[in-house]
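Single-letter residue listing:
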Amino acid sequence: MIQLRIDDTPVQAEPGETILEAARRAGIRIPTLCFLESLSPRGACRLCLVEIRNWNGRLVPSCATPAQEGLDVVAHSEKLAALRRTILELLFAERNHICAFCVSSGHCELQDLATELGMDHVTFPYRFPALPLDASHPKFGLDHNRCVLCGRCVRACAEVEGAFTWGFSGRGVETLVEPDLGGPWAQSPTCTGCGKCVQACPVGALFEKGKATSEQVKRPEILAEVTERRPRA
Amino acid sequence: MKGETVREIKIPVTRVEGHGLITIHLDGGGKVREARFHVTEARGFERFCQGRTVWEMPGITARICGICPVSHLLASAKAGDAILAVRPPRPADKLRRLMNCGQYIQSHALSFFHLASPDLLLGWDAEPGKRNVFGLAAENPQLALDGIRLRAFGQEVIAALGDRRVHPAWAVPGGVRTPLSPEARDRLAAKLPEARRIAQDALHLYEKTVPAWAEEVETFGNFPSLFMSLVTPDGLWEHHDGRLRFVDSDRKIVADGLDPSRYDEYLGEAVEGWSYLKFPYWRPRGYPEGMYRVGPLARLNCCDRIGTPLADEALGRFRKSADGKAVTSSFHYHWARLIEIVAALERVGQYLEDPEVLSPRVRAEAGVNELVGVGVHEAPRGTLLHHYEVDETGVIVKANLIVSTGHNNLAMNRTVAQIAARYLNGKKKIPEGLLNRLEGGIRAYDPCLSCSVHAAGAMPLRVVLLGPGGEVLDEVVRAP
Ligand code: SF4
Ligand code: SF4
Ligand code: FES
Ligand SMILES: [Fe+2]
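As you go down the protein sequences, you meet chains A and B in turn. Take 107 as the starting number for the first sequence in the working numbering and just add one per residue. Take 918 as the starting number for the second sequence in the working numbering and just add one per residue.
Next comes chain B alone, as it looks inside the complex:
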């Protein structure tokens, strides 16, 4: 990792470590020509994996990111299954899914209650000092408390299976290390009703509040694009296995039943000189027209149904809002997240009633039987892909990871441009409220910068307005 240069990145403005940097480029007529969300640090994790064994990879990659360790753990274990050429025993598959449901609940709850709801309830023009959880707690203490409880429930599901301190790499190639204990199952089952109540309340609150934000819904990344996610062989919502599907803005299926392990046949990865994060695109449409979105919004647009009653009911209202077509505003990632919390809680309920999650038959052991393994998994933020190539002894020769935030890279830039165009409106100065909305627009995707850069948590933001010759017209910086 040390001293490794990936590519030289030219940043027009002073590089600020750990800051989200947005540049807005005006054309001669003062219109927004383009806006860029820069990712200015690289992790070089792919190189770091070289020389390690496939069995170590879940443990190693779970350390890539402090925010989504579970996602990397599960994607890596799946890539390991492929190299061992084994199918994990059924209880292991259920347990991995149970853990991922816990991850959806905790991650989506964090995104909605802690990061998004201050904006949704207090507005984008509220004082910066109030647009945070503390402001939210003052305004709506019940909601803030609910958020903490729901997130804690998700974390408890994860901890009951593979607490980092107890089982640092719980998911392994071939399965998992331990089943759920009957005590943990009962403990979780007792807390499930409250979690469900909170999720439903939040969903209703969102549906009630959203008409007030019609303008933001219009401008926070509202444009046609493709959507990509895993679906089950029957076309249902899927989060850990299955096949990839692409739909367009009309929710017409563009491609279906795609073998995730052959991703490089249909996903290209473009490189831009100003960002370390690559720009994946759908090959048949080329770059950048092949822009697609992943994550909660994409999963709900792609699937035919979710497959559980409450979530399908909510999906019905979601679909109706777009007349059955795809919901194309990235603002509604928030909505999709809430629906997925409901879905994940319903699944958790099913697993807790299933005696198989207590079964000790959770691990298939095998040696190296394939030299290439691709693990594709739906992380809370979207499709996550681990691709390993090993030598005959199981040592990694090459690793390629495509993280969820990467798939959304093109769409995030489009979103930033759309918001800038709307709120700059010909001005040569960055107006009040633009910064908040840019931040809100990016936040809708809940990007995990930590997967690709070192920055984590609240995002300090720097926005630079550039004239047609690249001259700096204005600049605003905001600490987190």
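The following block holds chain A by itself, in its conformation from the complex:
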């Protein structure tokens, strides 16, 4: 057992566990967005940043950092709260999040995080990018305007379904998740139409067609459920 401290509380971790997992077991909540249980961590959103006092105050993503003996972790502080709010503001400013008529409004992890972290306005100028919406698939749609590039769809598709349909194209702020080597989704030779990516998506970017404002409820926990139920060799 590894001994560490999170927010001045002694916490134990199994070897191989991350700081986030140790914190969760100890009942300490750390906000996350790109992390999804049963998928490999990616460290894409940085909302789970924690400060390691005895590493000179270094900031590390707790979802992707192994717990280590003697770590003195700060998971909650004014500074971290401000950083997390800034990250959220940047996410909102980057694309077009018009919650008022979004399919996911009311059931959206990004919205919930904004509420939880007290991000009530965006201080950065909005970019208003003109991004397309791919509604070609008979059952699902992808609206790049609401994508936060967390990569949960990419990992769900590869690690749980094994279809490897989704990937990222472009660089930096221009990055887009796309099926295979580019859409439209309906023409993907690899997509099995299972919908795991839709359930994994934390926001209204991937959605079930036919849903109206606020009607899209996701079940991201099904990914952990199907992984656990799967017979192992």
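Read the hints as simulated data drawn from the structure, not as lab findings. All values derive from a computational prediction rather than experimental measurement.
Going by beta-carbon spacing under 8 Å, a handful of chain B positions derived as facing chain A:
(1) Gly976
(2) Arg980
(3) Val1089
(4) Gly1284
Positions of the beta carbon are idealized from the N, C-alpha and C atoms, including for glycine.
Since the structure of chain A is already known, use the hints to place chain B with the ligands on it.
Chain B with the ligands in isolation, oriented as in the chain A frame:
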């Protein structure tokens, strides 16, 4: 939406944001040549819809206007039905109608009790400080209170079905999201008798008071024109479906059974350099002779009957006032609104007794089966039209909306000119009382400027009198 220029609009006078601007143009002989009610801001919503799915449209368009969200919601859902090529289940159709009745009650009650009745009871020459609901409350507290109650009832009908916080886009392509609950039905049924009493009282009050305003009835938009509205296949009053009918001032049917989805075959949309709001007209008569009016007055002029006893009784008196011809004074939009409140309450009563409004079978699901869909609906203020074109995947390629206020654009300008001519009477200065009457004349149409411009609620007004060379002779501005 950002940085979008629609058309360059030349306003002869300083542009005042959110103000209603009226210019009165005199000819060389000092007579009113023309008067214009300017709509000086554009929303560009049509562009904004491009790239979104048809399923999102009710939710999006319900945000166009904070004053008539229900109307856009229902028109948009109907356009969606057309694209899915489905007929909503019967309970859904009834529920949508029930919601629209709630919308008529609340919207007409607001227009009559809060906006119009201070003028009707206190007069157009009353002190500006008194010509409002507070003045009304001092003069006739019961009426003011009644107005609040009746409006609240209409709002409760809407909330019982699709409270914005609970079901932001309650009407959807193919139907609605939820039926009425038995509790809500009982709650509404218990409040219905009071609402009916209030509506009848207001109607009688109007009929009693109106002889005192003979001069205003004569000048507030009293002229021959066409009238357009939906009617049922049997020619009855209709507010959510049906076919379009045109009648003339003699109430002679000019056209009937028109397929609303082919509106562009018979409705033209003219553009004037001084207004963002287009000027629809009846094509066979050309522009501007093809002027027509929509809304409560038009619906009552167009239909053969309303189809419920109390409303038909009231319609009989309304018709008699014009010897069976069309009621041509826009002043009587107020009267028509009161009759429609009675009609809507009667329908609400019918729906509340109908077990089908509790049925869970309220939504037909389908994919994209048509690439063009037109939804035509009678909003409280008049015919509202949503026209969408989608690609094979259901994403909007083109959207065209014709809002009620747009149909009445020509008639509102005619009304303004008529009032100006009567009260200017050769003068080169804007006389006392003209401003109030211009405002009253426009208010008769209960225009929703918010559907096409940002201004909402009480209307600050600026009236400019221009000589034959365009020189400013006089100008009056009034804050709301
Ligand atoms: S994805 Fe979430 S945050 Fe973005 S518009 Fe939709 S509800 Fe709002
Ligand atoms: S589509 Fe959804 S799950 Fe995929 S990267 Fe974007 S936000 Fe994440
Ligand atoms: S949750 Fe750890 S970086 Fe996103
Ligand atoms: Fe409106």
